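Protein sequence lines correspond, in order, to chains H and G. When the first sequence is numbered by this note's numbering, its final residue is 327 and no position is left out of the sequence of numbers. When the second sequence is numbered by this note's numbering, its final residue is 1663 and no position is left out of the sequence of numbers.
Hints listed in this document are in silico derivations from the structure and should not be mistaken for laboratory results.
Distance ranges between label pairs, derived from CB positions: (1) G1630(G) <-> A87(H): 37 to 45 Å; (2) D1563(G) <-> L88(H): 44 to 52 Å; (3) L73(H) <-> D1563(G): 27 to 35 Å; (4) S1642(G) <-> N67(H): 20 to 28 Å; (5) V261(H) <-> G1661(G): 51 to 59 Å; (6) D1563(G) <-> L230(H): 39 to 47 Å; (7) L1495(G) <-> R42(H): 12 to 20 Å; (8) D1644(G) <-> D44(H): 50 to 58 Å; (9) D283(H) <-> R1544(G): 31 to 39 Å; (10) R1529(G) <-> L88(H): 44 to 52 Å; (11) N67(H) <-> S1554(G): 15 to 23 Å; (12) L290(H) <-> G1630(G): 28 to 36 Å.
Model, not experiment: these values are computed from the prediction. Here a beta-carbon is modelled for each residue, glycine too, at the ideal position from N, C-alpha and C.
Now for the letters of each chain:
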Amino acid sequence: MRPDPTSPAQWTAALLIGAAAILLLYNTLPVALAYPRAGTAALVLFALFAVPFAVMRRRLAGHLALPAAALALGLVWGATVAVMTSLFGSRALHGLLATAHGPAWAERWAPVLAAPLVEEVVKAAGVVLVVAIFWGRLHGVLDGIVLGAFCGAGFQIVEGYAFAMSSTVVNRAGDAVAPVVAVFLVRGVLAGLWSHAIFTAIAGAGIAYAATRRTTRAAWVAAGSVAGVIVLHAVWNSPLLRDGLGLGSLGVLGGIMLKGLPAVLIVWWLVRWARRTEAPVAVGPRA
Amino acid sequence: MRSLAVAAAVAAAVLLFALAVPLLNKAVSPTVDVGGQRFTLAGVTVVLPEGTRMRPGQYRPESGRAEFLVGDAEVDIAVAGPYGFDAEYLAGEMARLLEAQPGVRLTESRDCAADGVDGAGRGFVTETGAGFACAFVHGGTRAEVTARGASLDAGTVDRIDELLARLAFGAA
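Take the sequences, apply the hints, and build the full model.
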């Protein structure tokens, strides 16, 4: 990507990412300095999220035209703008819901009604912005899936890190690594596969479909994909099946699978469909 | 032209959630007087002194967290358990996090007393004001109270101490 001072999309990305990065550092750095061992462990563990997506990119390389810079930009957007906007937006929507329905109701339902809406819209906005910056480099739906996955992975890395550090702080038991590992096992291993990366991959597929087809119907497909992942995310965040129907830890695990698997299956189907229908990218120099 | 339209739409989506919705929340969720009301936070109850105010979204009973306004001071209460350390250790942990905040400097220790439970506390100053943190541990439950404001005058501090004195463990 060459910096283009006349590109409004590049300016928007630079300004929003710069502002969000400062806010993110302001919010996370004090905790990381107060708990250096836990902070380092959380950073290393949650950075591992990026590995499967780097492997995914390598395996699909023959079908991808977007350069690495586009995926890196998506990752950084997810890690900064999407995270900080979601923090402010979700908190404010929580406040509005508490005013309308009471604090207890809002505490239970804000994660279902507010967070998925804010998070998915802002991550999808990042995908749209990157597509606009790299306009003409998009080959097909697979590009959108991988771009969306990187944007979601960026969000997931920072969110996972924040949850792990919050758990360390909330434990009030010193600079301990155990709470970080526990959060990584739950949010990273158990619930990591069907989280932000998968949701944004679906939205990315829809956006890439619209950007490459350029029809009204394709635009509706893109809007539908974003609406769809908001619903999938809301179901994932909902208290539905959280108690495992009283069947113990196996029931809880079954509940997680049942709520998370549809999104994974959709991405799996989309990747298969795109690989079958989209011609491989002609090999050429990559940025 | 396409780049401009996309940039405007993306910036609008971000600003909607980052600025407009928070401003709307502030506009339509004014603070309400909760003086005399009883709040339960994960096994700890508090009957608030007269004149205490709160925004509805700042009471999270299941998370054991609440934020009240006493005069111009913000008072955050966080309750959790089980906890295996004592109040002195908890106060040290609170101080560790406060100390890492930009512009915050810890000052002298202070006495803190809840309903029948003695705690440990530290004062601090910030670039824009002052505050103090109190830690209580009782029966494996811990309660943390952090008060901060532009000017913590003696009257406000007395009212916050009155709030602390009404924190009752195991009375939910």
